[in-house]
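Chains as they are written, first to last, in our numbering: chain E, 1 to 574; chain U, 1 to 146.
For the record, the hints were derived by calculation from the structure and aren't laboratory data. A virtual CB, placed ideally from N, CA and C, is assigned to each residue, including glycine. Check each hint, because a few of them may be wrong.
Some residues of chain E that are not near chain U, with every Cβ distance over 10 Å (derived) [claimed, not checked]:
{"id": "1", "residue": "Trp72"}
{"id": "2", "residue": "Leu144"}
{"id": "3", "residue": "Ser158"}
{"id": "4", "residue": "Leu358"}
{"id": "5", "residue": "Thr360"}
{"id": "6", "residue": "Arg362"}
{"id": "7", "residue": "Glu389"}
Per the computed footprint, the stretches of chain U lying under chain E, defined by three or more beta-carbons under 8 Å from a beta-carbon of chain E, are [claimed, not checked]:
{"id": "8", "region": "88-96"}
{"id": "9", "region": "113-123"}
If you want the building blocks of each chain, they are given just below.
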Amino acid sequence: MAIKRLIALLAPPVFPGEEERTNKAAFLNAILYSVILLGGAGAAAILLAGGGGIDTILFTGTTILVAFFCLWLMRRGSIRTASLIILIVLWGLFTVIVALAGGVQIATFGCFGVLSLIGGFLLGYRGIIASVAAAVLTGLGLYLAEMAGLLPPLQIDSLTAWIVYSVIFIFQGLLLYYGLRALDIIINRWRNELWERRRMEDALRISEDRFRRVIEALPIGIYLFDLNEDNRLVLRMSNPASTQGFQKDQHPFMGTSVEEILAGLGESEMLEHFYSVVHGGEPFTKERSLVESGKVTLAVEERLFSAGPRSMAAAFVDITRFKQSEQERESLIRELEAKNAELERFTYTVSHDLKSPLITIRGFLGFIARDAQSGNIERLNADLNRVSEATTKMQQLLDDLLELSRIGRIINTPQTVSFNTIVRDALELVAGQIAARGVQVTVQPDMPAISGDRARLVEVMQNLLDNAVKFMGSQLRPHIEVGSRLCDQPEMCLFYVKDNGQGIEPRFHETVFGLFNKLDARSEGTGVGLALVHRIINVHNGKIWVESEGEGMGSTFCFTLPVSSKAAPPGEVK
Amino acid sequence: MNGEPVLVLLIEDNPDHAELIIRTMSEHRIVNHINHVSDGQQALEYLFHQGIYSDPASSPRPHIILLDLRLPRVDGLQVLDAIKQDEELKIIPVVVLTTSEAEKDIARAYDNHVNSYLVKPVGFEEFTKLMDDMGYYWLGWNTNPA
């Protein structure tokens, strides 16, 4: 325990994290204890040998005291001050010893060599210069003093020489030991640093490689730009996905300026955003889409963002599919809304039109009871007639509704048939009305063959021809023309039924196709005819509309139907 | 109404409904005369003295207008709008008398400042009761502008 405590007391101070300082402190500690022990031992030896006197005790004692003071200073951390003090004291001691011993020729003079080494080790380059200069100048001073006869004659015996040399050797040994240790520390540190650096470089390379692989595999086009020495953005890196927007030979080379790239793409207006982002501006996002005939064919989202100091990235995300499905969804929603609105109108119309004859029936039943009571047979018959007609009307409405609902559900297998055949069939069905009104009908020969439900399309023509005859008005030379025209959709053909009858005012051009909509309340029928026609054409993916400049101007009903890719069966064309 | 003859303009396209209304209303002592037009176009011509009604004597100003909504040529709501946009005609009470219970129709009628909205009931008793009440209310109890 006591020994351990003694060792701990004698041990040099440790400065955590400061290896070099700790090493210097250990060296200084060894030097100071050596000075104390060797100084004491040397002085004792010289005194025992009969040399020296009170001055030897005085000098050695002072030196030992100073060494203890330096130990105290060193433990407080003032290594440089302690080093400087002990060096100066040792220098003084050696100078006195050498001077008293008779000059530069004695062995003790060699101590100055050791002193300069210690100075260099403890105080660095300046320490070396100062201590070497001090040794040389002290030697010169001693020589001049000897020449002037100021020094006592040379008086040294072999024992003193041995002691002095031994001291020198011990100091040299200590110096070498601590010097090597310092070198070892430096080499170790250097090796550790090198190893650490290599490890970091490896980690960096692995990390960079990982990110490069990820970026190269990304389906997002990425361009990395750096500011060059002229503060222009130039291309530093791009991933394979970035080539998508370019032709093969147009893809920009590394080092190309952003000005050149954007000019090539015709997007110079983006330039300011690139520079704004690299100079610390907010990230910038822009969507652009290419729309061809109402459909999105290409959609890209561009994002500009900072990639660190003097660097920025431009990312291009292909959002075509997203935009397309968005467009599709919107169109489906619109379609659905239109269908819903149609259904709502339909329900409303049906309820209204079915309720109307009911009101008549129930109302007149009341009057019939009164008529019977009052014996008014004439009015009773008239009222019975109204009730009967109302029930007939209801029956008709229900039949028409059933018919209309069938069209949407049941469609005969589409067949290729010449439109002339359809017109011929329809004309046969309305031949009676045409003859009665004396209408002249012209049909364009060789109209295209269409693909569709033959029976239903005959129904369409029958309705349109029937309407044309019915609403001829007061026309003296009634005429109906059936023909076809080219359509702007290549897979469709436009057909028309044109009359010179009473015409339809533009404000009714939409409503004529509505269910149970009748322009003339007195005309025959329930008003389902054109609703039926509209439905049949719609089921065939066609469109129907009416062109008329107004009353007395005649009207033209136009509709489109899909043309058949196959030729009509032979013999069908009239 | 101060001995002045009370005139009703009935705008109704269904001849049976028109007959029902005219018969039930004629039983009142309040109404002296009902003028009937069968579509929106005719109604406008009557009210604005145009066409066959260009002689104001043939189209006297009614005290109340009974209006069906679903009319051929010009829709009932358009007729209502035309009446309520006109400085002279807008003070005439307009009672919509229709089969429609559609919310949209009700809302649009009130948007166009209709004075009353009545749905034709199914059933003789109900129908006559409604016509009675309507007649007593609008032509009896209610104070109409001069």
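Hint check:
1. Trp72: Label holds. Min Cβ-Cβ 104 Å, cutoff 10 Å.
2. Leu144: holds (128 Å)
3. Ser158: Since the minimum Cβ distance to chain U is about 134 Å, Ser158/E lies beyond 10 Å and the statement holds.
4. Leu358: violated (5 Å)
5. Thr360: Answer for Thr360/E: violated, closest chain U Cβ roughly 4 Å.
6. Arg362: violated (5 Å)
7. Glu389: violated (8 Å)
8. 88-96: Since 0 is below three, the answer is violated.
9. 113-123: Coverage by chain E holds here, the residue count being 4 at a Cβ distance below 8 Å.
The structure shown violates the earlier hints numbered 4, 5, 6, 7, 8.
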